[in-house]
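Colleague: Given next are the chains, with one letter for each unit.
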Amino acid sequence: MKNSVALEITIPNQTRYLSLIGKIGENMAQGLANYNGDRERLASQINTVLTEALVNAIRHANSADPSKEILVRINMSDKELAIRVFDSGKGFDLNNVPGPCFNQDILDEKGRGLFIIRSLMDSVVYKKANGGNVLEMKKSLRLPRGKHGS
Amino acid sequence: MKFKTEDNGNVVVVFVKEERLDAHNSGELKTELNRLFESGSINLIIDLKDVLFIDSSGLGVLVSGYKNASTKMGSIKLSGLQAQVKSMFELTRLHRVFDIFSTVDSALES
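Protein chains in written order, with numbering that gives the first Met the number 0: chain D, 0 to 149; chain C, 0 to 109.
With the rest of the complex left out, here is chain C (with noise of 0.2 Å):
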């Protein structure tokens, strides 16, 4: 999977870099989010821009870094949800336990 991370001091962005985020490569997001919650970073933007597909499992992954950072009293926002992930949040109603912004500078101004 290709992301790329961007430390912006007191949080990290995480630039989700693929056009599907599904079962096939999600698994690689929850090892980088465990990696960055293991050195110490709690307060994360997950950038969606570039992805145009989600699926339940991609969902999952974002659910289990949502809980990892709540655990540790941090943060995980959401930014550039495209048309059919915004209707997969939508449908399992989980755009009413994230934050979620329209770009990554909304987000951190937030």
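Next up, chain D with everything else stripped away, as it sits in the complex (with noise of 0.2 Å):
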């Protein structure tokens, strides 16, 4: 039995969308068939980091154009989910995004974005696509055996 689901949603770029694309990937999480780890926290996961994806494209590859769109792409199977969101702007050096917020950066007021999606999310690229830029994300949902959750 095929147990994967793909969704495929555009929205305007603005962030009035990110409630309602945060509860469509939680609500995904929710149904999946196969999964034996800590479903709540896996949606709760996924609702951030399409979040951050999203507020990142809105604000800085898109340079928060209202008149631009945003597509996302979401594939989730018994072995892995995977969320592309492809922006239409100029796009960022994903090199060059500040990296963990600690010690002296504790307190920046932004630049955490990036950071939470790659402490929850397997790997993490980010290339031209469609004549515009994509940010791949993958994250393995099979669990090491006797673990329940991460």
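Hint data in this document are derived by calculation from the structure and do not stem from the laboratory. Careful: at least some of the hints might be erroneous.
[Said to hold, decoys possible] Heads up, incomplete: computed chain C residues facing chain D, CB under 7 Å, no partners named:
# : residue
1 : R19
2 : T91
3 : H94
Positions of the beta carbon are idealized from the N, C-alpha and C atoms, including for glycine.
Both chains are given apart, each in its own frame, so use the hints to dock them into the complex.
Modeller: Here it is as structure tokens:
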């Protein structure tokens, strides 16, 4: 039996849609057929990652231009979660984004978004795609033997 | 954004009445905190009991408030952190910066 779900949704480049997309991601996690981990925790993590990735695309890649759009693709199977957020802007250099916000940087008001995404996902890649860019984030949903949720 | 402000004399309690504190609405909380600081309130408790979800923008507004309060020799305490909110504080190590209490009452008594 095939247990994979694919969803594609286009939203205007506006933060009012963060809640909608976050909740869709949460619902997909809660509906996973075969997942032995902490489902609520996974749902919350997906909401967080989607929100951070969208804000990054809206404000930085698409320069907060409300006439632009963002395409979100979510693929979820028993094995893996893949989230792709496509922007149509000038993009940014993933390597120049501030890293972990510890020590003297802990009181910076900005710069936590990509750190949070990197902490919750296994791989994060930003590359050219479809005339714009895509932030591609993947996470294995197969838990190590004996482990229940991480 | 929905919030309620309660003046307890030396301390002002801000109850955030939203399920999400994110990039869409956190700017309004920042404006309210700045208004309180400008009116001379420097000791605040921010109650997040109703907030089920926070993102980095929401965290950034709380950090901004923390820095503002510290500059004015005041304080910001947080109360009522739900599971996702608590995990975001731990992930970013901000739980080491803020004084965090389970309820508004315990924050008031501290």
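Colleague: A separate judgement is required for each hint: does it hold in the structure or not?
Modeller: Results of checking the hints against the structure:
no.: 1; hint: R19; result: holds (6 Å)
no.: 2; hint: T91; result: holds (6 Å)
no.: 3; hint: H94; result: violated (11 Å)
In this structure, the one hint that does not hold is number 3.
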